[in-house]
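J.: Chains as they are written, first to last, in the numbering used here: chain A, 1 to 304; chain B, 1 to 304; chain C, 1 to 304.
What the hints contain is simulated information worked out from the structure, not anything from laboratory work.
Just so you know, not all the hints are guaranteed correct.
Stated by the list, open to error - Under 8 Å between C-beta atoms, here's a sample of chain A residues computed to sit facing chain B:
#, residue
1, Met28
2, Ser51
3, Pro54
4, Ser59
5, Arg76
6, Val80
7, Tyr190
8, Pro209
9, Pro251
10, Phe252
11, Thr255
12, Phe256
13, Val259
14, Asn264
15, Tyr267
16, Gln280
What the hints assert, rightly or not - Some chain B residues close to chain C (C-beta under 10 Å, calculated; not the full set):
#, residue
17, Leu132
18, His254
19, Phe256
What the hints assert, rightly or not - Computed cross-link-like contacts, DSSO-like style, restricted to lysine-lysine with a CA-CA straight-line distance of at most 30 Å:
#, chain 1, residue 1, chain 2, residue 2
20, A, Lys281, B, Lys187
21, B, Lys142, B, Lys199
22, C, Lys103, B, Lys38
23, B, Lys261, C, Lys38
24, B, Lys281, A, Lys38
25, B, Lys303, B, Lys285
26, A, Lys103, C, Lys232
27, B, Lys244, A, Lys57
28, B, Lys241, C, Lys38
29, A, Lys103, C, Lys260
30, B, Lys38, A, Lys192
31, B, Lys192, C, Lys38
32, B, Lys38, A, Lys241
33, A, Lys244, B, Lys192
34, B, Lys261, C, Lys221
35, C, Lys232, A, Lys285
36, A, Lys221, B, Lys133
37, B, Lys180, B, Lys199
38, B, Lys260, C, Lys57
39, C, Lys38, B, Lys38
40, B, Lys260, C, Lys260
Ideal Cβ placement from N, Cα and C applies to all residues, glycine included.
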Amino acid sequence: MKNKFIYFFITLFLWFPIITLATSNPGMVVIQTDFGIKDGAVSAVKGVMYSVDPALKISDLTNEITPFNIWEASYRLYQVAQYWPQGTVFVSVVDPGVGTHRKSIVAESNNGYYFVTPDNGTLTLINDQYGLKEVREIDETKNRLKGSNDSYTFHGRDVYGYVAARLASGKIQFEDVGPKLETPIVKLSYQKPFIKDHKLEGTITILDPQYGNLWTNIDDKLVHEFDIQKDKLYKVTVYYKGQKKFQGSMPFEHTFGEVKKDKNLLYVNSLMNLSVATNQKNFAKLYHVDAGADWRIEVEQVKS
Amino acid sequence: MKNKFIYFFITLFLWFPIITLATSNPGMVVIQTDFGIKDGAVSAVKGVMYSVDPALKISDLTNEITPFNIWEASYRLYQVAQYWPQGTVFVSVVDPGVGTHRKSIVAESNNGYYFVTPDNGTLTLINDQYGLKEVREIDETKNRLKGSNDSYTFHGRDVYGYVAARLASGKIQFEDVGPKLETPIVKLSYQKPFIKDHKLEGTITILDPQYGNLWTNIDDKLVHEFDIQKDKLYKVTVYYKGQKKFQGSMPFEHTFGEVKKDKNLLYVNSLMNLSVATNQKNFAKLYHVDAGADWRIEVEQVKS
Amino acid sequence: MKNKFIYFFITLFLWFPIITLATSNPGMVVIQTDFGIKDGAVSAVKGVMYSVDPALKISDLTNEITPFNIWEASYRLYQVAQYWPQGTVFVSVVDPGVGTHRKSIVAESNNGYYFVTPDNGTLTLINDQYGLKEVREIDETKNRLKGSNDSYTFHGRDVYGYVAARLASGKIQFEDVGPKLETPIVKLSYQKPFIKDHKLEGTITILDPQYGNLWTNIDDKLVHEFDIQKDKLYKVTVYYKGQKKFQGSMPFEHTFGEVKKDKNLLYVNSLMNLSVATNQKNFAKLYHVDAGADWRIEVEQVKS
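Pulled out of the complex, with its shape left as it was, chain A reads as follows (with noise of 0.2 Å):
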């Protein structure tokens, strides 16, 4: 009687690795770089991700970062990451400074995501937003696509992607990556938001692309200590290096269409921060103004 209990118990173990391999979640892995879509690069990096574990889940964040433009991905990694699963490894290769002396990290942040990359102020807002647990350098003696010794302008493929993949596959621990990194990461400066003689300022940190909207850095707390208050004109100012760029009044509406068509409004976009737009027109373009740590924003209540 004991025998057949040893022989199924036996069966159940057998199997048991094998049935966790194929019902286990997949690791993944999200990839943004400036390489543009035009060429074989983004697959060669895909290869080779593949190739250290066909299982993977491989996505793209976007591979139209403006090239060398450290601040755009910046930005694209805190506007996506937190709607991703905890444990996604994020590859982040805009590189200005490939084969330099820049040095290669993996980092961890607070919120339970990995970040691979050369450290060049790509982490600056998730730093700013979440905060980063612990962050490490790449030892690229140990982790490196074997047989790419030679190649010094592909770090991309040759890598963080080749990282990325072993990190997310489990196929090394994050400790395995290298040592702790001793000094801070490089940190890219901009001017915080803030509220000063009845007027609400902030930087115009990126545009909305494909719409030409406006989003600034100033979060919705702050939107509502200013009290600003839905169907309310405003006078929005924007500045380029000091110089006035755009001036005009909009209300401030939860959404486009509570405006004509062609009409301007403010909004809270849906990272929650303070954004101007044109109802199915393109702001940007209509009055020529962009983003960056160079245009700044000023909201004040017009009197009625």
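Given chain A, work out where chains B and C should sit, using these hints.
T.: Below, chains B and C without anything else, positioned relative to chain A:
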């Protein structure tokens, strides 16, 4: 002896749900938007979907629909859906009225696909071609990304993507989406093709944007009825709001290579609709013509 | 006692095919086309593939090959294939002769990949670099999407995508594709690199389109033979059909960051071919040069 059988079947029985899970087909979601691929919007939607179920298969139809062009969105669904496995969930977000009182719906088509979309005309051609079995309005009190109630401008992420993922993964059934839609869906108007006075007339519904071919809504049944024949010459006239924009003679052929490079031809395209092209050149650019409800085509046989 | 063993092994045996299926690597298909990503063509191809087998892994190499540019298609396959897992099935559809009498083939390369494509020169560089083990002509009477016989213009969907999916999923073996191709494959002609009169000469095979770098077909063996050395200056001349289009001196470096921003350099790219770039600028745009069989490069050492 009986006992041995029992253990054998207990083993089988215990493993059954796990094995089923591991071998069952994953849910499939196909995304269509006008978000573009330069920023993080599409990736935020995918992150929400994989957070619902990491085993989902997610594929892009296109994220480059001309902004706010609902007709184009409707055409692309009609062009593609029939080639996907039955049960595939399409989520289409071209939503100029986001945040206004347009409804959010899920439709099941008679040929076995699901469509999650604002009710703004996106399903016009799927409805006309295949018919809709049932349409339900999304109950956003139950079916909305948790914590997104203060976000008014990104229903693609907060409602449509989330609902599509829950439906495709089996976490909700079609009935759980919300109540049956009592009113008819919104439909875009367009002129159906016809034969009159020995002329074959129709609408230029869409461009094949990469090659500049004109695709009409004249289907192969009407082509046969009009008795168009291979290698014969036809006079083709294109009108925009009643004004002549192109007129020329060209043969009807099966495929591009049957005329010389740079020569025009009539042919039946991959959706079995009459089309116009220039072999290895861009007809639309060469002759400054476009597509849409205002663009009409007239075909008649050249007398010999 | 013996009976107990029997039941134990019967259990193992019964589960074996199911488990194997669940844990086996999925077939991988990599798609390359000139279809663009604004319409539904690529998604129709993917729908056909997933209808063959929903477990397939499908990835895009690029769908932005310059329309009808077979050379570029050939280069991208050469650039990428070697980084993918062996057994990956590449389907490349750049097909100016669709519907004419060009053949449809599947090739197995000596380094273990499959290529499904029209026989129009797409395999030129894979053939020259790795060699082809065997080439078979697709028998379209057996291997064609059901119901697509009246469609003459979309072999990417009806033939190539369908066959690639069937091969990758194991539903057919390579031998089932059709008979061995008796004639050689179509090859594009180009000039191989050489050293003559203390000059290193080659073809500018392709641009790195995102950054404007020139990639030549001068490989690192020839670079070593010519004894190019780091930090030394070289005179670089670019010709188009024999006419001088650029001449200038620049150092040979390992990577971009070793020269100042806006400065030119020679380097060995990620495919180990000699290349020309401007650090953080677009060399091709700055000097109005391009790539292709008519674009030649000449390198000689600057006498010091």
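J.: List, from low to high, the hint numbers that the structure doesn't satisfy.
T.: Violated hints (numbers, rising): 2, 3, 7, 9, 10, 13, 14, 17, 21, 22, 27, 33, 34, 35, 36, 37, 38 and 40; every other hint is consistent with the structure.
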